[in-house]
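Trainee: Residue-level listing of the chains:
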Amino acid sequence: MTNANEVLSSLQSAFPGALSDPRVESDTRLWVTVDSKKIRDVCKYMTDKLGFDHYAGSAGVDWIARNEMEVVEIMTSYGAHNVVAMLKVKTPRDNPSVPSLVDMYWNANWYERETWEMFGINFEGHPELYPLLLSDPLVGVWPWRKDFKGYPDLTTGERAVQITTPEGYTEYRFPPTPAEVEAGTVVTERPKYPTFREREEAWIKSDSEMIMHLGPQHAMVPGPFLLDVLVEGERVKKAFLDIGYIHKGIEKIMENRTWLQGITYTDRMCYVASLTNNECYCGAVERLLGLEVPLRAQYIRVILEELSRIQSHLIGTGEFLTLIAGVGFAPWQYMIIDREKIISLIESVTGARLTHSFVRFGGVRNDLPEGFADHCRKVLPYMKSRIEEFIEFFAQDPIYHARMENIGSISPETAKKMGCAGRVLRAAGVPYDMRIEDPILVYPELDFKVITGTRGDSADRIDCTLREILESIHIIEQCLDRIPAGPIKSETKIPKKVPAGEAYYRVEDPRGEMGMYVISDGGDKPYRVKVRGPFYATFQTLTPLLEGVYIADAVAIAGSMDGCPSESDR
Amino acid sequence: MDGIIDTITQFAAQEPAIFALIIGIIGAAVLSAVVNVGAMLVIWADRKVMSDFCNRFGPNRVGGRWGILQLGADAIKLFTKEDVIPAGVDKGVYVWAPIIASAGTMLVAAAIPFGALHIGGKNYPLVVANMDISAFYVEAALSIMSIAVFMAGYSSNNKYSILGAFRGIARMIAYEVPMGVCVISVAVMAHSLNLVEIVESQTVWYAFAQPLGFVIFMIALVTDLGRVPFDQSEAEEEIICGYSTEYSGIRWGLLYFQEYNNFLLGSVLVSLLFLGGWHGPIIPIPLLDMVSPLIWLLMKVIIVIWFIILIRAALFRLRIDQVTDLGWKWMLPLSIVNLAWAVIIGSYFA
Amino acid sequence: MLKRKLIKNFTWPLKTASREIEVTRLYPEFMMELPDAERGIHELDATTCIGCGTCARICPNSCIEMVHFEFGNPLKNKKMQFPQIDYGRCMFCGLCVDECPVECLKMGKKVIMAGWDRKDIIKGPDFLATKRLTAKEVADLEAEAKRIAAEKAAAKKAAAKEGAAAGEKKPAKEGAAEKKKKKAEANPEEGGAS
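Residue numbers (the working numbering), protein chains in the order written: chain Y, 530 to 1099; chain A, 402 to 751; chain G, 79 to 272.
Keep in mind the hints are simulated off the structure, nothing from the lab.
Every residue gets a Cβ at the ideal spot worked out from N, C-alpha and C, and that includes glycine.
Be aware that one or more of the hints could be misleading.
[What the hints assert, rightly or not] Taking lysine-lysine pairs in the BS3-like style, the calculated list, with each CA pair at most 30 Å apart, reads:
#, chain 1, residue 1, chain 2, residue 2
1, G, Lys157, G, Lys93
2, Y, Lys907, G, Lys188
3, G, Lys197, G, Lys187
4, G, Lys201, A, Lys449
[Stated by the list, open to error] Computed from the model, here is a short list of chain G residues facing chain Y with C-beta under 8 Å:
#, residue
5, Glu100
6, Leu104
7, Glu116
8, Ile119
9, Gly172
10, Ile226
11, Lys230
12, Lys234
13, Lys235
[Stated by the list, open to error] Examples of chain Y residues lying across from chain G (beta carbon under 10 Å, computed):
#, residue
14, Glu696
15, Lys721
16, Tyr722
17, Gln790
18, Thr884
19, Asn895
20, Pro898
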């Protein structure tokens, strides 16, 4: 078993002079700055020799006071050890440029595109540095830089103008006005690279092929994303994916809101599983504050997060069933009816059905109400029997097997290489669960299994989902037995200004490994919050899976990944 | 009263052709009214029965707690929508597709007996056109719907519609053949192609005499109607509305409606061919004994409709290649086996 | 294909059709039962609100504005400022309730609000206050507040007078120190001069 110190000493002996500023925060967290010319060799060494085969993401940070920018690469391991290495690569602010890691890690593609379009950092060697979350005219404004003042007018370059409408509301509009656009006196600049449409249409080779749109406005999608498939007849030849249709800029907004207000924004990233998002953010800030959460609050957090996991899995699976069976299909409506019981349980504690804002720094907002344990103990066995009925239902349905088996199969090596997260990874056979890899709260004391599948196809993913619900029920029952009495909030008063520092905290979201990288500069607002979303990672892997399948299967594969585009776009 | 009947009989004697024409027009109007109102009730039943299976309320506001008039409200809404014909469509084909769908349905309805009146010990079938080859004719007229589906999908100039049209044609052609063979097997056992005589000859229901044919005909019927598990041509989650994506307002209403018209007529057909039609004990109450065959047929039709709605709530949707596989590799050979069985049994019991 | 039967597909909807409808309600005649912790429309206790404006500052959406309201407690709330919440922007996160130092703002179980105009759903303290004082009580408290203020002013004056008396000694002391300073300043001059 390696720990962070051993990793650091191994790196220092292999690359003398390339590393600086090392900080070993704990056995599992290593922060080190790497010279930008050596970052590729360091990463290769870590993958080959030290077992860091998971490239978890990269974050861009704009240090305007020091006149430099930073790209932080997050490297972890798929089970060889628990160390998370955060490698910082500095680059001057005037012409920022960093070597790209795309040829070494397939899934670095989207992270680097996003950092480029938001900060303007060039990644040398990236094959397709096109905008991902932003639309074409907004490339070049670099929105997440610290001196960004608002989106510019596309013709005059001026920033948006504040207008008060006749009803008294403040709106931001940029000239030109609609009248000028109609008159045709406005000239917009063409982007300097091929647009998404042009890149798609370059793949059309014959008259019998056409590009069909499964999104962004489509009955299939759980959130808007653009999935275009190049079809010939009924077969998909290639798929094209574009996200950013629900990009709210939450990471930038959180830089302008105080620490406490930021909790409400983390709710709204993945609104179906908002408690784990809260937990991720609050956990990171608690690391910065050095705060210890009382034991009862830890148990309450675990109970509610597992309940949230159950209801998220139910609606994810149910929604997916409508995609292959039509809206009138009865069993998915049974899932929603069962989910109602869980939501009522959560509502009795937090007060809201969807966006809870429940986890606070150092504890939770409310205590469990009277009779919660009894009510819970009545609901859980009912849920268990229903889930077992669902599993039996799918096992005995031949049409389900004809539609779902061997559709979208992923082998474990491919899954690891493509970097997908959550049940997609586990169904392929890789036992990677954050509750075991990076245990937080009281998970080390609880007994549960990691559910893996064998074939990695859509049927396995649904099977993993349902069995994970059974595991969550088991966890909740253990917690209800062990929960102690005590305070639900930390005794120390939370200061308004969080001491300077940085923290990376990981939780097991229903969709996979979610991590939040929070930087504080000592003020009352975060300096930078980077969210490493699980569905962002899984989404990348969709396009290669769709080649050569039928259109109906494309829907089955995309739906079985149980996506929340709102979380991938933030 | 008597004077009017006298003038009518005189007119009938003098101008037989025009009289037949007028009777035909009146009959067609009554028939289309009855069939379309029946289809509205079928749509209502679809929504209500499905909601029962899904543990929720169906329509429950318009027309009382049962929402009976919901379809009336929907029809009014559709009629009052703006008539939009998209710019790139093939206008002639686009406009004629729903009309041909409705016309095809009415052609089928003309030859189906909707029951019988039991007057004086003899059954008088209620049918507009009592043809000798009505079973065969109904079979052929049901295919007009597939032409209308293709017209709608092809003219729409839309990628989803064209996929829906192709899927519709593939599905309907693949299943018309086994359906036709099953109808022929029934006709072989009944020694006639006339639907009325097929019903009259069912001392033993053909569902028991030809169980394989019954199962195949039910599956083929559900496919022909385009209902789950075979509704790929309008699979909402993949190709939005399929062949009717570009239609709006009452044009779409007509296409949607004809699906349910066909549903009703198909259920009546199944009851006539396989479930003994209007056979059943005569109720001894004076007025009811006249309409008791009607009541029996109605009950059988309702059971068939309820069962097809249950299939919608219960089964997944197949992929189009699995549908055509099923049709050509399984349904067709099995229906020919059924034909052979019908010939053997029919000639044995002749 | 024949090994796996389709029986459960058909029996399960049939079993469900005989059950009573559980979670769908004929809203608005039947409303679901909300738990006590429910975060609905706010309820203000105007007798305890001190008008600090913490709720307005913490609101992530800037929905809360402090406005004047007559039926509050002038003893505690000197400027008579109470929160006015714009429900078009409120997301019912509950931060205002958590941060209130005197716990006068709570969230209740009313969850329905509708209006014809955006102005209709900006609810001021008149709508939100579940506990308020009558005009007479307000007048009484104002008088009390004035009396306390007068007492305080008198106490201050007395303290100032004492301070002045003590301060006479102080100015004498300071005068002596000043004289010494002047001497010291004069000396260098003298020293400089010499």
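Trainee: Does the interface hint hold: is G:Lys235 within less than 8 Å of chain Y, judged Cβ to Cβ?
Mentor: violated (38 Å)
Trainee: Is it true that the CA of Y:Lys907 sits at most 30 Å from the CA of G:Lys188?
Mentor: OK: Y:Lys907 and G:Lys188 at ~28 Å, within 30 Å.
Trainee: Regarding the pair G:Lys157 and G:Lys93, is the alpha-carbon distance no greater than 30 Å?
Mentor: The given pair, whose Cα atoms are some 65 Å apart, is violated under the 30 Å limit.
Trainee: Close enough to count: is the Cβ of G:Gly172 nearer than 8 Å to one in chain Y?
Mentor: With Cβ-Cβ at 6 Å, under 8 Å, it holds.
Trainee: Can the restraint linking G:Lys197 and G:Lys187 be considered satisfied, given a maximum Cα separation of 30 Å?
Mentor: Within the cut-off at roughly 23 Å; holds.
Trainee: Hint check: is the beta carbon of G:Glu116 less than 8 Å from a beta carbon of chain Y?
Mentor: holds (5 Å)
Trainee: Given G:Lys230 as an interface hint, is the shortest Cβ-Cβ distance to chain Y below 8 Å?
Mentor: Interface hint status for G:Lys230: violated (30 Å vs cutoff 8 Å).
Trainee: Can we keep the Y:Tyr722 interface hint, with Cβ of chain G closer than 10 Å?
Mentor: violated (37 Å)
Trainee: Is the interface hint satisfied for G:Ile226? The criterion is a beta-carbon contact with chain Y at less than 8 Å.
Mentor: violated (31 Å)
Trainee: Restraint: Y:Asn895 near chain G, CB-CB cut 10 Å. Satisfied or not?
Mentor: holds (6 Å)
Trainee: Min Cβ distance, G:Glu100 to chain Y: is it shorter than 8 Å?
Mentor: holds (6 Å)
Trainee: With a cut-off of 10 Å on the beta carbons, see whether Y:Gln790 makes it to chain G.
Mentor: Cβ of Y:Gln790 sits 4 Å from chain G, so the hint holds.
The structure fails hints 1, 4, 6, 8, 10, 11, 12, 13, 15, 16 (numbered hints given earlier, in ascending order).
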